[in-house]
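Quick mapping for you: the protein sequence lines, in order, are chains C and E.
Position 2 (the first sequence) corresponds to 2 in UniProt numbering; numbering is contiguous.
Position 880 (the second sequence) corresponds to 880 in UniProt numbering; numbering is contiguous.
Bear in mind the hints are in silico, worked out from the structure with no lab data behind them.
Glycine is no exception: its CB is placed at the ideal position from the N, C-alpha and C atoms.
Any given hint could be a false lead.
As the list claims (entries may be wrong) - When the alpha-carbon atoms are kept at most 25 Å apart in a straight line, the in silico SDA-like pairs for lysine to any residue are as follows:
1) C/Lys85 - C/Thr60
2) C/Lys85 - E/Val685
3) C/Lys85 - E/Leu760
4) C/Lys85 - E/Leu702
5) C/Lys85 - E/Phe220
6) E/Lys814 - E/Leu760
7) C/Lys85 - E/Met682
8) C/Lys4 - E/Gly472
9) C/Lys85 - E/Glu712
10) C/Lys23 - E/Gly520
11) C/Lys4 - E/Lys678
12) C/Lys23 - E/Gln890
13) E/Lys470 - E/Gly247
14) E/Lys808 - C/Met55
15) C/Lys85 - E/Gly247
16) C/Lys85 - E/Lys678
17) C/Lys85 - E/Leu672
Unchecked claim - Derived list of chain C stretches under chain E, where covered just means 3 residues or more per stretch with a C-beta under 8 Å from a C-beta of chain E:
18) 8-15
19) 98-108
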Amino acid sequence: MGTKVLIADDEPNIVVSLSFLMKREGYDVLVARDGVEALETIRAERPRLVLLDAMMPRLTGFDVCEAVRADENVRDTRILMLTAKGRDSDIARGLGAGADAYVTKPFSTRDLAARVRDMLA
Amino acid sequence: MIPPAVVLAASFGYLLLLFLIAAHADRRAAQGRSLIDNPGVYALSWGVYCTAWTYFGSVGRAASGGVWFLPIYLGPMLAMLLAWIVLRKMVRIARTYRVTSIADFIASRYGKSPALAALVTLITVVGIVPYIALQLKAVAAGYQVMTGAEAAGAAAWWTDKTLFVALTLAAFAIAFGTRHLDLAERHEGMVAAIAFESAVKLGAFLAVGAFVTWGLFDGFGDIWHRARAVPELGALLRLDRGGGGFGHAQWFALTLLSMLSVLLLPRQFQVMVVECVDERHIRRAAWLFPLYLLLINIFVLPIAIGGLLLPGNGSADAETFVLSLPLGHGAPALALLAYVGGLSAITGMLVVETVAVSTMVCNDLVMPALLRLGVLGAPRGSDLTRVLLSIRRGAIVGVLMLGYLYYRVAGEAYALVSIGLISFAAVAQFAPALLGGIYWRDGTRAGAFGGLIAGFALWTYTLMLPSLAKSGWIGGDFLARGPFGIALLAPERLFGLTGLDNLTHSLFWSLGVNVALYVGLSLARAPSAREASQALLFVDVFRRGGAEPVFWRGRARLDDLRALATRFIGPERAGAIFADYAAELGVPPAELRPDARLVDRVERRIAGAVGTASARVMVASVTREEPLSVEDVLEILDQASQLRAYAHALEEKSRSLETATAELRAANEQLLSLDHLKDDFMSSVTHELRTPLTSIRALSELMLDDPEMEAEQRGEFLGIIVSESERLTRLVNQVLDLAKIEAGHGEWHNASVDLRALILDAARGVAELFRERGAELVLDLPASVPPLWADPDRLTQVMLNLLSNAAKFVPAEKGRVEVTLAEEGGNLVVSVRDNGPGVPPAERASVFEKFRQGGDAASRPPGTGLGLPISRRIVDHFGGTMWLDSEPGQGACFAFRLPLAPATGPGGKENGHEGADRR
């Protein structure tokens, strides 16, 4: 059984590309369409890593991140935050919320794949 | 009759109560919760005007003269009409220059003249001491009636209850009237006790009045009716006296006299001016006090006539009707209450009058004498406050004992009985100098001196001497035939003036000559510099708000001033003067320089303790003063007014600066918020651009990395790339469009628009889209509508946006969109209603905001989130409005209204580019 990776993003086309990429890398891919669903999936499926979009309906990526870090059971989940907002303040907020890494969109698929590999090593 | 022990117990019990009240009020004042800081208490304290002379005397006068007791109270009522003008000015002057007595007031106005202060004090003592004696006599008389004891005059002085009452009152006055030296500070305890006394005497008098009117008779009507049956009594109810016609002159004289007295009697000056807590209280007190006088006079005639109607009473006893009627008709408790009321009237007057007069005696007679003798000048730096307080306490005992002595000597003599009005006439002599002094700049010291001396002399000759003669103390021959047989100089018919009663006659001559000399001498010689400067300070007291000129030049040493202040007001208060002044100037106390303003301030504070005239002498003795000329005074005044004008201009400037600052701050805040909005917009645009770019880049890279990718997968990816590219294009176009409209650079090609035709065109444009979605488009349009003046392409853009939005949200295959057009009161209203899910209430407010898209990203149809904001701005541009009606589950209805003839809308202009257009 492979390593579980959760993709949480509300943009379907981005989910398509990320799913393809992660599958190609050999991970088991889970998908969540909004923040609440992402949190539920994290708690239920215990993925090793989450590709977390910052701006999602119902619960933002920042909130999900904080909730994960506050939850003893899933605290160790690796989180890679993805955002289309590139302001320094957004990055600071993401890291403040407890993300392990922060990548701005659009990203290089190779770099992202390498990043994920590192984080799971 | 009531046992003496009971009467004595009531008397001294009542005095003890006064002590307690005063002590309580002083304690409250020390805690900063003043009992007397309200107009009601202030007005009640004015009630000290009503003495034993009112309480007992009014009934006596009414019993013999009918309504002739009234002018004494009409005068004050009239005076109160002017209180807000005259009294407020007196209060303001006294407060500003720390004036603590009438003598001080007049002396200060005329160049701080010690001689003038002494003269006024002398007149006051001569005029008032008999008045004090009269009150003491009333104590004795009341006691006599209550206990049926023998006449007080027969008792030896050491057993005389009156003496003990006088001594108790002296103790009271000392305890609550000389707590601190600075008289400019109020005596809250004393005033509270006085106000209480006023309430007690009014209550007691009203109780007796009610007892007589409704207890002994059947109301007012019964008394009048029965009085008319008796000829002598009926006359009392008429204004004419004994057929002699109505004495207009006398009525006028009495009214004028009491009008002046209510302002000029030392005790009135004390409670009204010195003890005034807040100038604003005058306004209410000025009508409360007349009300008080009205109430206390209501039952005067009923008691007087009632007493005369009942058997066993003669008009001789009328003065004690207030006591004898309840006593003789089975109401001893009421009689005791009436007695306590009378005691209130007496003690109130005695305490305040004594405190006021003793202040004058101390500051204006004793102090100058001691200064001249060099007694107070001797040990430098020593604290003289205790000495001064002792002098003032001595003066209180002295004044009361002088009154007691006069009472023992004069006894039943005429000189005592008629003293009330004679005292009034004495203090009335102050009127020209005082009232003239606060309104007439040209009044001089010489004028005040001349007027006062002549007025006092004439008062003595035409009123006082005759009263002594009528008492049998000096030969009465000169009354009838004139001194040395010169008839023209007869005191009560001076220069052949006959036909007036003696009081009116005296008032005519004394006040007439007083005024004439005051005006004449004032005009005859120019005032000195100090008189001129004080005149300016007094007359213009309301015109100087803080920046008053200081008429002092010379050199002083800080240590000398400090030592002087310490000696007269104690180290604590003295230290405070210098510390406060340093704080005001913003310099450390050590670097304080003794400038004119500081010298002036020290002088004023000392004046509060020892009187203005003495303070002037003291300050002059420790400084090197340069004498001022009248020119100097004018120059200082000029500087002061320039300074004031300058300060005023500065104030204006700083106000306008403040306004400008506020405007700038507001503009800056607006800019900041605009900046913030722009920042948010940029961030949103960035986000919207990056999202499709992310898919495009990621998918392209994946395909690039994997040349072997299955064709099907590749086709899907390419399809996504194309649609995301389209999304990007749309977004870029709309952002640019919106930016143009927002910046006012939009291009508007206005023409006459038939909205009905335009909607039909738009419907044809979206027909294909609706067919794809399986939705139905229903048009409900009138046959024709008036044309609009607008840009048809822009309106088409709006229609297409609304229609395609609706098409996106209706359910697949069952969709239905309804378009209506109607003319409503000069507007065309278009609505587009769908049967989609509607807009939840929480999102309704934000549907017109940029980048707000309905639904969630996965299921929502492609869009940029800019269509509605752009549409709304287009409608706004033509002077219309766009809104949303939506019930959840009922579908959404977007509608807009366009005016047919926009009044100011830029859409009304001719075709063409409107680059400068601003909304």
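How the hints compare with the structure:
1. C/Lys85 - C/Thr60: Between C/Lys85 and C/Thr60 the Cα gap is close to 13 Å, so the pair holds against 25 Å.
2. C/Lys85 - E/Val685: 9 Å, holds
3. C/Lys85 - E/Leu760: The given pair, whose Cα atoms are some 42 Å apart, is violated under the 25 Å limit.
4. C/Lys85 - E/Leu702: At roughly 23 Å apart (the allowed maximum being 25 Å), E/Leu702 and C/Lys85 satisfy the hint.
5. C/Lys85 - E/Phe220: Not OK: C/Lys85 and E/Phe220 at ~96 Å, beyond 25 Å, violated.
6. E/Lys814 - E/Leu760: 22 Å, holds
7. C/Lys85 - E/Met682: Judged against 25 Å, a Cα distance of about 10 Å means the pair holds.
8. C/Lys4 - E/Gly472: It is violated: about 132 Å lies between the C-alpha atoms, which goes past 25 Å.
9. C/Lys85 - E/Glu712: Violated: C/Lys85 and E/Glu712 sit about 33 Å apart, past 25 Å.
10. C/Lys23 - E/Gly520: It is violated: about 120 Å lies between the C-alpha atoms, which goes past 25 Å.
11. C/Lys4 - E/Lys678: Not OK: C/Lys4 and E/Lys678 at ~41 Å, beyond 25 Å, violated.
12. C/Lys23 - E/Gln890: 43 Å, violated
13. E/Lys470 - E/Gly247: Since the Cα atoms of E/Lys470 and E/Gly247 sit roughly 23 Å apart, the hinted pair holds (cutoff 25 Å).
14. E/Lys808 - C/Met55: Satisfied, since the Cα-Cα distance of roughly 23 Å is no more than 25 Å.
15. C/Lys85 - E/Gly247: With Cα atoms ~103 Å apart, C/Lys85 and E/Gly247 exceed 25 Å; violated.
16. C/Lys85 - E/Lys678: 15 Å, holds
17. C/Lys85 - E/Leu672: 21 Å, holds
18. 8-15: Three-residue rule met by the stretch 8-15 of chain C, so holds; n is 5.
19. 98-108: Result for this restraint: holds, n = 5.
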